[in-house]
Amino acid sequence: MAPAFLAEQRVARPRGTDDSEDRLLRRHVGGGGECGTLNYAVRSALVAVNVAQSEGAAAVVDPFAGEVFYTDGESARTRREGGEARLSPSSATRLVDVNLDPPFPNAPGFRAVDLLAHPRFVADFRPRVVSTSPALAWVAAGKRAAYVTDGTDLCGSVHFAAGIAVCRAAGARSPASTALRSARTARGSWPPRTPGRTDS
-13 MAPAFLAEQR
-3 VARPRGTDDS
7 EDRLLRRHVG
17 GGGECGTLNY
27 AVRSALVAVN
37 VAQSEGAAAV
47 VDPFAGEVFY
57 TDGESARTRR
67 EGGEARLSPS
77 SATRLVDVNL
87 DPPFPNAPGF
97 RAVDLLAHPR
107 FVADFRPRVV
117 STSPALAWVA
127 AGKRAAYVTD
137 GTDLCGSVHF
147 AAGIAVCRAA
157 GARSPASTAL
167 RSARTARGSW
177 PPRTPGRTDS
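Yeah, the sequence shown ends on 186 if you go by my numbering, and it's all consecutive.
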């Protein structure tokens, strides 16, 4: 999958990559940049190849859809079938992907699975269960309203770093502390109370 990703990376970055960047990308991808390997093993097409560079550039490549979600660290765009468009987050779909894969370092306080059973949450949103990084890119593209997962240091994860970078560059908010408070209220009220706000 790495050679295909490098080809896509060159499409996403018309200015090209030099040999040192190619070596970096090969090392990164070979070191676990693929996401959705269990899906791929059972012939499900929900997979991606991710790369995130320290200076802010990142890409999430969906090889089966032929789509590249990428950022240069400032703006975020998508490229598919020769067309290119700026990514624009939106909550209009009300679709929220929830990752139920372990580990769960914040349990029992944070249990994403509890959101799926909370009547107010399912009344406000249409949850789906997805455990692969294209879901983050879909948030950046406005195809999903949000993505919920558990974890620590997600910006340092090969599964999340690229998607988070693309989301941030697109203008999507990623308030981890707010998300954590929301998940902790899953057994109680929804939405959670926030400072300076009174819910009726």
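Each hint should be verified, as a subset may be incorrect.
[To be verified] Taking lysine to any residue pairs in the SDA-like style, the calculated list, with each CA pair at most 25 Å apart, reads:
id : residue 1 : residue 2
1  : K129      : R106
2  : K129      : R112
3  : K129      : R63
4  : K129      : A109
5  : K129      : P49
6  : K129      : P94
7  : K129      : R29
8  : K129      : H104
9  : K129      : A103
10 : K129      : S30
11 : K129      : A93
12 : K129      : A51
13 : K129      : G68
14 : K129      : G95
15 : K129      : P91
16 : K129      : E60
17 : K129      : N25
Honestly, the hints are just simulated from the structure, not real lab data. Small disclaimer: the values here were computed from a predicted structure and weren't measured.
Hint check results:
A hinted pair counts as satisfied when its Cα atoms are at most 25 Å apart, and K129 with R106 qualifies at roughly 22 Å. Taking the CA atoms of K129 and R112, the gap is about 12 Å. The hint holds against a cut of 25 Å. Distance check on the hinted pair: K129 and R63 sit about 14 Å apart at the alpha-carbon level, within 25 Å; holds. Distance check on the hinted pair: K129 and A109 sit about 19 Å apart at the alpha-carbon level, within 25 Å; holds.
Taking the CA atoms of K129 and P49, the gap is near 18 Å; set against the 25 Å cutoff, the hint holds. Annotation: proposed proximity of K129 to P94 is violated, straight-line Cα distance about 30 Å (limit 25 Å). This hinted pair checks out: K129 and R29 have alpha carbons roughly 23 Å apart, not beyond 25 Å. Taking the CA atoms of K129 and H104, the gap is about 23 Å. The hint holds against a cut of 25 Å.
Proximity of K129 to A103 is assessed by CA-CA distance (about 23 Å); at most 25 Å being required, the pair is judged to hold. Of the supplied pair hints, the one linking K129 and S30 holds, its CA atoms being roughly 20 Å apart against a limit of 25 Å. Among the hinted pairs, K129 with A93 is inconsistent with the structure: their alpha-carbon atoms are about 28 Å apart, more than 25 Å. For the suggested pair K129 and A51, the alpha carbons sit about 14 Å apart, so the restraint of at most 25 Å is met.
For the given pair, K129 sits about 20 Å from G68 by alpha-carbon distance, which is consistent with the 25 Å threshold. For a cut-off of 25 Å, the pair hint linking K129 to G95 is broken: about 29 Å separates their Cα positions. With a CA separation close to 28 Å, the supplied pair K129 and P91 exceeds the 25 Å bound. Proposed proximity of K129 and E60 is supported: the alpha carbons are some 21 Å apart, at most 25 Å.
Annotation: proposed proximity of K129 to N25 holds, straight-line Cα distance about 20 Å (limit 25 Å).
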